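Asks: Chains F and L supply the protein sequences, listed in that same order. Here numbering that gives the first Met the number 0 is used: the first sequence runs in plain steps of one and ends on residue 636. Here numbering that gives the first Met the number 0 is used: the second sequence runs in plain steps of one and ends on residue 372.
Honestly, the hints are just simulated from the structure, not real lab data. Check each hint, because a few of them may be wrong.
As the list claims (entries may be wrong) - Not close to chain F: a few residues of chain L, all C-beta gaps over 10 angstroms, as computed:
| no. | residue |
| --- | --- |
| 1 | F24 |
| 2 | Y53 |
| 3 | F200 |
What the hints assert, rightly or not - Facing chain F, from chain L, some residues (calculated, C-beta under 8 angstroms):
| no. | residue |
| --- | --- |
| 4 | R150 |
| 5 | A243 |
| 6 | Q259 |
| 7 | A313 |
| 8 | V337 |
For clarity, every value in this text was computed on a predicted model and none was experimentally measured. No residue lacks a Cβ here, since even glycine has one placed at the ideal position from N, Cα and C.
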Amino acid sequence: MSLLIQRSDVGEFRRRYRYMVLVVLAAFAVLVGRLLQLQLVEGASYRAQARNNIVREIKLATTRGVIRDAYGRVIAANRPSYNVYVVPGRLDMTSTWPRVVELMGLRAEQRAELEKKIAEVPEARQLHQLLLVVDVDRDVVARLATHERELRGIEVSPVPVRYYPYGELGAHLVGYMREIDPETLARVQGRGYRSGDQLGAVGVESRWESYLRGQRGFRKTLKEHRPSLDTSALEQKYLEQPIRMEPIPGRDISLTVDIELEESIEKAMRGQLAGAVAVVDVRTGRLLAAITKPSFDPNVLSGGHGKKAVRELVKRLYTDPLKPTLDKTISAAYPPGSTFKPFSALTAMADGLVDLSTRVDCRGGYEYGRRFFRCTGVHRQVNLHAAMVRSCNAFFYALGERENIDRFAQVGLDFGFGVKTGIGVNPESAGRMPTRAWYTRRYKGQYVGGYSLFAAIGQGAATTTVVQLALAYAALANGGTLYQPQVVRSIETSDGTIVQEFPPRVRRMVDVNRQHLSTVQDALIGVVREREGTAHAERIESVDIAGKTGTAQVSHVTPRGVDPGKVWYFNRDHAWFAGYAPSRSPQIAIVVLVEHGGGGGKNAVPIAMRVVRDWQKMEEKRASLRAVARQKPERGP
Amino acid sequence: MRSLRYGSLRGGPHFDRWLFLAVAFICASGLANLTSALSAYEGHSRLGGLGELYMSQFYWVLTGMAVAGLLVVIDYRNLERFANVSFGGGLFSLALVYALGDASRGANRWLQFGSFSFQPSEFVKLGVILAVAKWIHDDNQTEPRTLWELRVPLLITAVPTAIVMAQPDLGTSLVFVSCAGAMLAMTRIRRSAIVTVAIAFPTVSVLAWTYYMKDYQKARITSFLEPEKDVTGIGWHALQSRVAIGNGGLLGEGYKQGTQNQFNLLPDQYSDFPFAVFAEDWGFVGCVVLLSVYAFICIWAVHVASQAKDRFGAALAIGCGAMFFTHTVFNVGMAIGVLPVVGIALPFFSYGGSSMVAMFMAMGMLMSVSMRR
Chain F
0 MSLLIQRSDV GEFRRRYRYM VLVVLAAFAV LVGRLLQLQL VEGASYRAQA
50 RNNIVREIKL ATTRGVIRDA YGRVIAANRP SYNVYVVPGR LDMTSTWPRV
100 VELMGLRAEQ RAELEKKIAE VPEARQLHQL LLVVDVDRDV VARLATHERE
150 LRGIEVSPVP VRYYPYGELG AHLVGYMREI DPETLARVQG RGYRSGDQLG
200 AVGVESRWES YLRGQRGFRK TLKEHRPSLD TSALEQKYLE QPIRMEPIPG
250 RDISLTVDIE LEESIEKAMR GQLAGAVAVV DVRTGRLLAA ITKPSFDPNV
300 LSGGHGKKAV RELVKRLYTD PLKPTLDKTI SAAYPPGSTF KPFSALTAMA
350 DGLVDLSTRV DCRGGYEYGR RFFRCTGVHR QVNLHAAMVR SCNAFFYALG
400 ERENIDRFAQ VGLDFGFGVK TGIGVNPESA GRMPTRAWYT RRYKGQYVGG
450 YSLFAAIGQG AATTTVVQLA LAYAALANGG TLYQPQVVRS IETSDGTIVQ
500 EFPPRVRRMV DVNRQHLSTV QDALIGVVRE REGTAHAERI ESVDIAGKTG
550 TAQVSHVTPR GVDPGKVWYF NRDHAWFAGY APSRSPQIAI VVLVEHGGGG
600 GKNAVPIAMR VVRDWQKMEE KRASLRAVAR QKPERGP
Chain L
0 MRSLRYGSLR GGPHFDRWLF LAVAFICASG LANLTSALSA YEGHSRLGGL
50 GELYMSQFYW VLTGMAVAGL LVVIDYRNLE RFANVSFGGG LFSLALVYAL
100 GDASRGANRW LQFGSFSFQP SEFVKLGVIL AVAKWIHDDN QTEPRTLWEL
150 RVPLLITAVP TAIVMAQPDL GTSLVFVSCA GAMLAMTRIR RSAIVTVAIA
200 FPTVSVLAWT YYMKDYQKAR ITSFLEPEKD VTGIGWHALQ SRVAIGNGGL
250 LGEGYKQGTQ NQFNLLPDQY SDFPFAVFAE DWGFVGCVVL LSVYAFICIW
300 AVHVASQAKD RFGAALAIGC GAMFFTHTVF NVGMAIGVLP VVGIALPFFS
350 YGGSSMVAMF MAMGMLMSVS MRR
């Protein structure tokens, strides 16, 4: 094979070169076109992404607002909870561990339990933190901190938790904190919530979450890069202003509630299993106290004692037949029983059906149609006043027979029954003022006149919440002004400046005849003062109060989900007392409900008496303090 | 190609200074860019040693230049005699790799001699080019060829392709096929043969996809379509490279200033994605300049082929040009997200001794053809 012989024909290739050049040009044109798109058309978006890649935003924690009562006492605040962690792989069980046990003051069985926990850690997790003890007390923290150097493998770290100094007291109204669940997180996305955050669960904590929460701040830094780069120069170049945003602490909230009054209610209710008390200011509609029994410890539910404690408590609360999680002042409606009689009386008087001279002969009941409607006793000749004082049903049956049921509902609605009050915290029950149309719909056209008789004594299908009843009695006391109940008095910044104040809001001036109203008021005073009054036996001499007792019948069908062994309890009547004090110049209205408490006179009245007595003492003390304060400037130079 | 026929370049051994300048420019840019890419690792606790790679790359460039110089001096027609030998040697070394190579980085590509390791597949590319060129040279049939008549070059391509695919190394097999394809595309081939290939290629690809390819390879190929879908896995490389390039904008962040590179967001920026580093540092303007030089070399290879005085020289020039072209377009294409991520080096930019020396050898042969027309 000789290289010198020119035997190849290069001509064959000639026609192909042009296409090859075209292929090359086309390929590079595509590359340049794509670069044009990436770098010039979409460049800004990629640049933003690149910046985002190197900048880290460190979130700066904010503090949740404090909740105070009407007199500035802290009801909900924040505290650090110190958790002790252990890294099993670093902990020396022979030398360090006994020292830890000694410093933490662990008992023998606790020690054994924790040793077991540490021993059970699998090989793969030897270098992971293990939560050992939740919320150790400050002395232990101090001791551990002092000996930090000797305690290899032991770490103490603070976690902020919500703290409720009064514990169970008024917990339903104040609420508690819970960890955000994925569903809620998805709903509130974009409002700065992150997985693992706490948020208000019920009550004020939940309703005023957006005020209490505050806003996280942030600090931008550059991500890890090679050390030879000049960090500050890079930060200058790449970090967009603002580089740092201080966190905004949450707003503080002052409630209308008086925690001392709630303490007194709590004390007065000892011995009762379940019930609710609401106290409102007659002149403003402000809620001074709202207590539900049984209650729960918001400190535990908010995670102050660890997640395990939360799970256990939640499980217990939701299986308790007394429904501790239900706010019985706002979220639950009960038949008002005889406490509704003043409103029946007002209805009948307004329609001219009765006056003080009307008399009914009570022979232990009232005959209507083929039925005999039973009374609480044999009262003989009673007029309106006596019927209210002695709680005679027969008189009101007679009244109910003549009155249209829709009129009771109408007056009831005027006084705020059957309609949500607009209190704003916790899911509110509207209660019910049944009308003829309601019964017709409910019982498929089977309306009977007896329903009207029941309506007159607050039985049948009528229901009310404790707060509704308290506001209605406040309206009786103040001459017919129905207020919107108020829980929050004002919102303040963390340094105490008031941001927003909430003045009282009148819902309606109830159109009620003065004469009729004073007839009812006299009767309410009589209930306590007169020998035959249903509250007379349990009165406290020094307490100046007017009101009405009530004993509301409960359905005698066993409620669903109730242990048969407890049926006797759940069949008992609800005991009511609704009233106001002082009787002649009312300032507060109080409603006491003892669930399944039996007779109202015997069980609800003593609680109201004791609470009002305590309230009178508190008022006297406050009055003397005010007097001292008023004198001070005069004594000055 | 009338327009490319420059009279002044005809006749006698003649140093091709344009090719030399273009390669020198790319080589210098490549070294500078490697400095930028490796600067991200300076002082890095674990990968700090990578900074030393720069020096070894520099030595590889020197080695490559020496080998290329040798090839320039030798008349390319002498290579014809070594064509079959080099091809056979290449096959043997591939078989050796397959037999005793270690499976570092998921594929058997390396041969180890003491502390020195090299990737034979890079040199087999040249072996294939020489063997096919020799076949084209020897085959003086003037009638259009049937597929059967192309059996020898097809076999020459298919055997190493199959071995490399088994390693598995998609990029290299792609280079084999495209080099041989470009060279054969110059010859006259029957329409029936072209149609057969046009039907057979997709069929084989689909079969290979379904029965042969590993999941990670499939993922690599599909992820370029939607890198956003898989931001932690394979798509991550492609996406971050795209972000880096987009971040370059019109004029770039400046030499050694690209944040994607400096903050180590580009995985393998010195081997697989040097173009992303370059694009981020120099921007659109820099990229267009660089790509123009790459394109120039590709077109120049066609020009050299058109000027060659024998079939061997023309085929060799086309083969070397196709190798250069495939490497460039696929590497840049995968960096900018128009082609799947296959491990294929950017000529004179990517870190790696074997590919650097092989590419220098290809350019040396091109120069050798260019000088003897």
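Asks: Looking at the structure, which of the earlier hints fail to hold?
Replies: 4
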